[in-house]
Amino acid sequence: MEFVSHHAILVVSVVKIAVLLFIVLTALAYLTWFERKVVAHIQSRLGPVFTGPHGLLQPLADGLKFMFKEDVTPPGADRFVYVLAPLLSFSLAITALALIPFGPGTISILGQQTPLAIAHVSLGLLFLFAITSIGVYGVALAGWSSNSKYPLLGGLRSSAQMISYEVSLTLSVVGVLLMAGSFDFDSIIQSQSGRWLGFIPRWNLIPQIVGFLCYFTAALAETNRAPFDLPEAESELVAGFHTEYSSFKFAMFFMAEYANMITVSCLATVLFLGGWLSPLSSSWHWAWYLPSLLLILGGLATIVDGIWKMRGLARVILPFMGVVLIAVGLLCTRPGVIGVVQGPFWFLLKVFFLLFFYVWARGTLPRLRYDQLMDFGWKLLLPVALANLVITSLVVLLVNR
Amino acid sequence: MTLPILLFFVFAGIAVGGALSLIFAREPIHSALALILVMVALAVLYLLMGAGFISAVQIIVYAGAIMVLFVFVIMLLNAGVENRTQHSIMARWLGIPLAVFLIGDLAYWMARGAHALPLAERSGSLAAGPVSTQDLSLHLFQSYLFPFEITSILILIAVLGAVVLARREP
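So the protein lines, in turn, are chains A and B. Counting with the working numbering, you get residues 11 to 411 for the letters of the first sequence. Counting with the working numbering, you get residues 111 to 280 for the letters of the second sequence.
Read the hints as simulated data drawn from the structure, not as lab findings. Keep in mind that this is a model prediction, so the values were computed, not measured. Backbone N, C-alpha and C fix where the C-beta goes; we use that ideal spot for every residue, glycine too. One or more of the hints may lead you astray.
[As the list claims (entries may be wrong)] Among chain B residues calculated to face chain A with C-beta under 10 Å, some are:
#: 1; residue: Leu113
#: 2; residue: Ile139
#: 3; residue: His140
#: 4; residue: Leu143
#: 5; residue: Ile146
#: 6; residue: Leu158
#: 7; residue: Gly162
#: 8; residue: Phe163
#: 9; residue: Ala166
#: 10; residue: Ile170
#: 11; residue: Ala173
#: 12; residue: Leu179
#: 13; residue: Leu246
#: 14; residue: His249
Just chain A, with the same shape it has in the complex:
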């Protein structure tokens, strides 16, 4: 007990980690649902509808299915590496989120003032890149240890792709670093506060639009998402590096992919979209009630939908969810709470927006051929990112003179 009372920061960190893990794992599950729904509607289908109202229980059903499937290890596989690969993929993807600040200032947990991030590291950006740069091992080792030709080819392809695009990804971010002059996420966000001409927020998105486009494209490739999902091109490689994986090990790769999507979107929000800064003028006091308004409207829509359009159990579940949403919305108007929710609200809204772009890209764009992928990465993306870097340095030099 003495150890704990002397190291209160450890206890607070464990609480924060538990809360974030719960939120992220739920978000991961519902991101799959969201993706299936959005892609389905893009393709004029309905997506999951039978498991629960609007298919809302589909992630739960998927999770249970994964857990109860037979866990096969292919003969001749390197058992240790075969088990290590999905663990590495998933844990690294989750760890990266520990560095992201979700809101400004500090909140009080167990009497300790603590920032709205698990770890506030002054070299945040570098450590985030350190964590994501190890992520490639999960894919490469999975491909190698399966002792099978499709995973091996998929793993090789995927590691080559991730290494190639990591260069552009890192270079496209340096422009932001030059403008902020710091590796610290909080300083990077603070450097984007204020407005041009009194109404345009000073986000890095506008001066660094080229950097943002490079970043987002490279991020699509880095997370192995369509249209760069070559490693799992099913017409050529069955399922790429995770062909031989089944049961929960497969689920871990799956979750790692979605966790990487969330991390990359969070990083884009911090670097280019002003993090937790509100796009609205701080003199508009009504803007503080936007989170509540959104939650209450969402709750009302859920109740209406549940009572008038659903049948059976959904007629009870959906209105109940609506009432919960309205209650949370009302809670967000309380004086102590309303200030705290502003930062996370805008942050999550921006992340959600980027995630929608991700899904949109998958629903719209056809997959590239492998040589097109490499050409695009090295001959277009890299030079553009480099030119952006040179021009940004020049402008920063002239402005600061």
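Dock chain B against the given chain A, drawing on the hints supplied.
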């Protein structure tokens, strides 16, 4: 025992264990994995000394870039289990004395230097605490510009060499 010391022993143990399994593993990819483990453990040790920047760069460059290429090559060649040879005569007779000498040497200098300043105070602002991009670039592009340029030329030569070797006509 305070937390930093506890962490030091945990990660120093991991580093030593990783280095040993690097030598004793027979599967090349296990050796490569052990080397990655050593590098990550070393990065944590740098972090405990307050050298955050070096720690992050250690992971990005060594664990994230160089070792990926190692693993990549091992995968491409699909190298099998290595063959053990009879130990060479030199290793048999000189190995243990040399190892003892090396460890004794290190221990001697460490014992002598135990009262010296902690690393953060000795080696300037790069090792100590938070690093601004300005500090970093001043060190890299002014104080240490010449070594930096020499290193980049060295790497350029290596790249050129690789291109020449790869494009050699049969």
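Hint check:
For the restraint placing Leu113 (chain B) at the interface with chain A, the shortest Cβ-Cβ distance is roughly 6 Å, inside the 10 Å limit, so the hint holds. Interface hint status for Ile139 (chain B): upheld, as the beta-carbon distance to the closest one in chain A is roughly 6 Å, under 10 Å. Because the closest C-beta pair between His140 (chain B) and chain A is about 8 Å apart, less than 10 Å, the hint holds. The interface hint given for Leu143 (chain B) holds, since its Cβ lies 7 Å from the closest Cβ of chain A, which is under the 10 Å cut-off.
The closest approach between the C-beta of Ile146 (chain B) and any C-beta of chain A is roughly 7 Å, which is under the 10 Å cut-off, so the hint is satisfied. Of the supplied interface hints, the one on Leu158 (chain B) is violated, with its beta-carbon coming no nearer than about 14 Å to a beta-carbon of chain A, more than 10 Å. Because the closest C-beta pair between Gly162 (chain B) and chain A is about 5 Å apart, less than 10 Å, the hint holds. Here the hint on Phe163 (chain B) is kept, as its CB sits about 6 Å from the closest CB of chain A, short of 10 Å.
Look at Ala166 (chain B): its Cβ gets to within about 4 Å of chain A, closer than 10 Å, so that hint holds up. Hint status for Ile170 (chain B): holds, given a least beta-carbon distance of 5 Å to chain A, under 10 Å. Hint on Ala173 (chain B) holds. Least Cβ distance to chain A is approximately 6 Å, under the 10 Å limit. Because the closest C-beta pair between Leu179 (chain B) and chain A is about 8 Å apart, less than 10 Å, the hint holds.
A hinted interface residue such as Leu246 (chain B) counts as satisfied when its beta carbon comes closer than 10 Å to some beta carbon of chain A; here the least separation is about 9 Å, so the hint holds. Proximity of His249 (chain B) to chain A is violated relative to the hint, the smallest CB-CB distance being about 14 Å (cut-off 10 Å).
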